[in-house]
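Chains as they are written, first to last, in full-length UniProt numbering: chain A, 1 to 365; chain B, 1 to 365.
Be careful, since some hints might not be right.
Same chains, same label: a pair holds when it works inside one copy or across any pair of copies.
[Unchecked claim] Here are the simulated DSS-like pairs of lysine-lysine, each with C-alpha atoms no more than 30 Å apart in a straight line:
1) K236 <-> K32
2) K201 <-> K236
3) K37 <-> K153
4) K32 <-> K239
5) K153 <-> K8
6) K333 <-> K60
7) K309 <-> K285
8) K8 <-> K236
9) K236 <-> K153
10) K344 <-> K201
11) K344 <-> K8
12) K309 <-> K344
13) K285 <-> K201
14) K8 <-> K239
15) K333 <-> K37
16) K236 <-> K37
17) K333 <-> K32
18) K37 <-> K60
Quick caveat, the hints were computed from the structure, so don't treat them as lab data.
Computed from a predicted structure; not experimentally measured.
Listed here are the chains, written in short residue letters.
There are 2 protein chains.
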Amino acid sequence: MLSVIAVKLPENSYEIAIAPGSLTQLGSYINKLNLGKKILLVSNPDIFSHYGEIALTSLKDSGFDVFTHSIPEGEVNKTLDSIAQIYDTALENYLERSSTMLALGGGVIGDMTGFAAATWLRGINFVQVPTSLLSMVDASIGGKTGVNHPKGKNLIGAFYQPRLVLIDPQVLKTLPVREFRAGMAEVIKYGVIWDGDLFAKLEGADRLDDIAYLSEELLQIILTRSCQAKANVVGKDEKEAGLRAILNYGHTIGHAIESLTGYSVINHGEAVAIGMVAAGRIATKLQMWTQEEEIRQNHLIQKAGLPTKIPTDLNSEAVIETLQTDKKVKAGKVRFILPTQIGKVTITDRVPSDLIREVLEEIRI
Amino acid sequence: MLSVIAVKLPENSYEIAIAPGSLTQLGSYINKLNLGKKILLVSNPDIFSHYGEIALTSLKDSGFDVFTHSIPEGEVNKTLDSIAQIYDTALENYLERSSTMLALGGGVIGDMTGFAAATWLRGINFVQVPTSLLSMVDASIGGKTGVNHPKGKNLIGAFYQPRLVLIDPQVLKTLPVREFRAGMAEVIKYGVIWDGDLFAKLEGADRLDDIAYLSEELLQIILTRSCQAKANVVGKDEKEAGLRAILNYGHTIGHAIESLTGYSVINHGEAVAIGMVAAGRIATKLQMWTQEEEIRQNHLIQKAGLPTKIPTDLNSEAVIETLQTDKKVKAGKVRFILPTQIGKVTITDRVPSDLIREVLEEIRI
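All chains should be modelled from the sequences, with the hints used to inform the complete structure.
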């Protein structure tokens, strides 16, 4: 089973290859790209202990000189300091413009490796091998790279496209169940904003809360259609001038929740799940879609084992205030992505603060 | 006198406007671009004391909200830490994606402001107002932005295009004479690599070693033709895939000299001047151009008050070793730009080390 998705951009088009067991073929996939022989593989200790050797063996068998760089796990390390350390390793190993930085890991590793690749020697080759569901269907596609500022997530970064994204669904078997669910939040998002068929397929599944219950076929469909949805949107709007903003469905309030809970209690997918519930409710109240559709969405979120309520200790005023400092604020107005039906959304900056407040209170635990 | 040069790129084309007194019109120039109202002006204390008020007044008169950020003078401050400080100011003033970072200063300010603009919120608007001859004819055009790594110059950075480059030749009156000469090194470079007419015009001038002896007309010609040369080259090869490398004429050995003298004793333009003398001699020895042309080049370099000899205390072996760590090294081979006639160069990685050594010894003081 091999699905190949072409991400078509004005410059720097590339492919996403999705195939069970493909990690063992990593070297030959990269060989086809005609890049230089030096590769800096960036990972974290846990991922590296599971998949480092498989990746290294495949790369070395294909004749690459591979160096490794490890970053301790966690969003807390997604800093400019960690990037400076990648630079040091790049310098020590004489990486050249034709060399490649390869991210083996989840979104944090991918975002940082991408930013380091974007800014070392003003940009060297970058390959993504995502190992979490979240990074497979979201972070690894679309060229967003970067790190956090002490006062805000992802404020520092660059748009930089990989030369290849290689997805091996088999690596998801070692993913903690909570992280699998977090990835499902983004999958459900694609169903709501873009792909009503994907949404229906998810509704048809017996369970969505643990990869153990998913068939290899359904997993391939989920990955392929999610990546395709993201690739379509990014292909039409690489630099987030307009359409691409729809990918932020659930993220407006989601980011505020993450930020206020210190990026630790609630993970990104969980925050997006709650954000989708909030946005869905706002849309119902504005009569943009039906309550029936809102219920279908929330049912799917619950089926994936994701939260649908805001934690009680989170102050609504604090959420509203945090919305104002979000990157997506334009001329002081908070921008919301709201569904108009399953598979379709619209962008608006005309949601009254009172309505946001009302909804935040309603969906409290 | 207004010259407008269009820099045509696949994406993000922009204009270079060159006009005496144009700094007082800065606000209306930017107004035409339809950007957001917030501008972060980045400068250094010296430049700001001369031109800050003129720029601020013009921007405010055009209705912009202007914030300022100052970086202490000098290449030593061109670090990732300084960038982090620009980020802090950007955050404090709630810069948005539609906002602009404006560099008022020389190459160091331009490179850093450009890199901060490229990486804040994954890229906001960037405007260059270069105040040194070097930054007018070189650094401000072509989208190279970045900072130094403790172990190498400009190793960290991004290709990022400004929305506008505004050049007011009148600000050169306060430029120290040594820095004016450093800029002339790049002007002479354009004559050698691209524009034989410019070279002839420079040969026709009485003196080139001090701006006080240049007519307003000649200065306008020098700026316009130099910018045009760079814009032409960059327009054909934005990301340095091939042709753009010719802009590095004189820089291969030049960078090594700068690096070995700690970026302080010899400035960039002086190092490039010596690098051109070395490259010119190599070309003569390889019979790529004539000795007569080499002499014409060296005469012009001397007329601009620039050095033509390598300092005695600089070890030739150290220079050769340093060449190996340069960004321009490809698969371990040192790449040289060599003139084939006045106005034309070629790129080669086949200069024997022995020949480099021989030339380095010959042009020693």
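Inset, instruction - Please flag the earlier hints that this structure goes against, numbers listed from lowest up. - result: none
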